[in-house]
Amino acid sequence: MAARTDRLALLTLALGTCLAAPGAAQDDPVVDELRFRFTFFDQDGEGYQSPDGPADGPGSERAVIYQPVALVGVRQNERVRHSFTFPVDIVTAASPDAIDAMSRASMTNEAGGFDMSTTVQVGDDDEVGFRLGYHMEEPWRSPFGGLGYTRSLAQDNATIGANVNFIIDVFDPISHLGVDSGLTTRYTLNANLAGTQILSPTTIAGVTYGLTYQFGTLETTYNSVPIQGSSQRIGELFPDTRLRHAVSASIAQHLPATRTTLRGRYRYYRDDFDLDAHTAEVAVYQYLGARLLVRLDYRYHTQSAVRFFTTSAPADLDPAAPVTSDSDLASLDAHEVGGKLLFYLRPPGTGDAVDSLDLSFHHYERSNGLRVDAIGFGYARSL
Amino acid sequence: MPFLRPAAWALACAALLGGCAVVAPYEREFLADPTMQMTVDPVEDLAIRKLHTAREGASGGDSQSAGGGCGCSN
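Chain order of the listed sequences is R and L.
Here the first sequence is numbered in this note's numbering, starting from 1 and rising by one per residue.
Here the second sequence is numbered in this note's numbering, starting from 1001 and rising by one per residue.
Here chain R stands alone, though its shape is the one from the complex:
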């Protein structure tokens, strides 16, 4: 019954949004973009929030994830364009999801969703957009949506934009002991400001600021925390609200002589859980002939722990006090290296549709004992 309700909800969202777009009944839509990607994630490591190990932790975070994704872009007319994304996650794990660690009822969790965005050119320099979607995974149901506005300035040399988003998570708050106390909710409100600027015929830069406010049941209810000197564990508990800030700057520089593109990005993040983070990324794209493109990239992330992180809680801890042993919220450094090899079946600049196949690889390693290897295969076609 729940699955049928989810499918009806998705269909209603898709049809309603398409019918609401201006000129829906008058133009022949054209599929101007198709993307398919399959990514395989292999994760291994340990975390104190995982009960799959000694009582005083850390436990195993072994997981294998299969992620097919499809994206379809449809140009409805000169002013209106839609984009549909269908992501799926198939997670095979015993420990990251404590529901399966407790019951062993299912070693595989599936998640899927639907994300539709529409942009409308309302004037020569103005564009509005809206977004609707739905995400499903055990035990979450998450409708989401958003509105956006972008204005071009100085003969399209610069853009400024703003968007707001909301997400409502409805889920069963299953505890680390497997007890389900009934449905609960988590609300996320987000606003972003963004700008881009062409700096030269071969250089473009961008800046983004994002503010996110969350309230409701924020903890992962099946996560647990070891207790000092005991084989028992207590449930993770977060404050009822969270305010999150993130500001990023990026730049892309093309070198025509060698057909090379250099990209860099920096992000600073801070929230009222006292988590402070810096992230830096660099990438180099290099064309090899007319049909081959190679990318190498590196990412570094460092963060402080949230103020209520601990690997072992005192036995007399106030039951109402926030506490977590989630290794994702600990003080950590993460290094990631990656690469991509893309082959153009039909390269850009020929006047026809552009078709490409690609193979990508990422190796991610965290200082507190987590490793992820990701391999991706993709196909893309664009007019």
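FYI, nobody ran anything at the bench for these hints, they're computed from the structure.
Source: prediction; values computed, not measured.
Rough simulated footprint, nothing fancy, chain L against chain R, three-plus residues with beta-carbon under 8 Å: (1) 35–43; (2) 200–206; (3) 252–261; (4) 317–331.
Quick look at which bits of chain R chain L covers, simulated, 3 or more residues with Cβ under 8 Å: (5) 140–153; (6) 163–175; (7) 362–372.
Quick reminder that beta carbons are idealized off the backbone N, C-alpha and C, glycines included.
Take the given structure of chain R and dock chain L to it, following the hints.
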């Protein structure tokens, strides 16, 4: 409030960038290259973004929400 300083820098950069020279449309050949787009591959970005948001406490700053939408979100 420490978060005001990064936000102020971001806004200041945006204001300063508005004073840059105008590049005419016929000079933007290289800016149209796929590797020069703000989002080069949206589906690959989606996969790698999830790798990060599910394993780190920080997210956002990419015109998307920091958190919410799945059980993996921190």
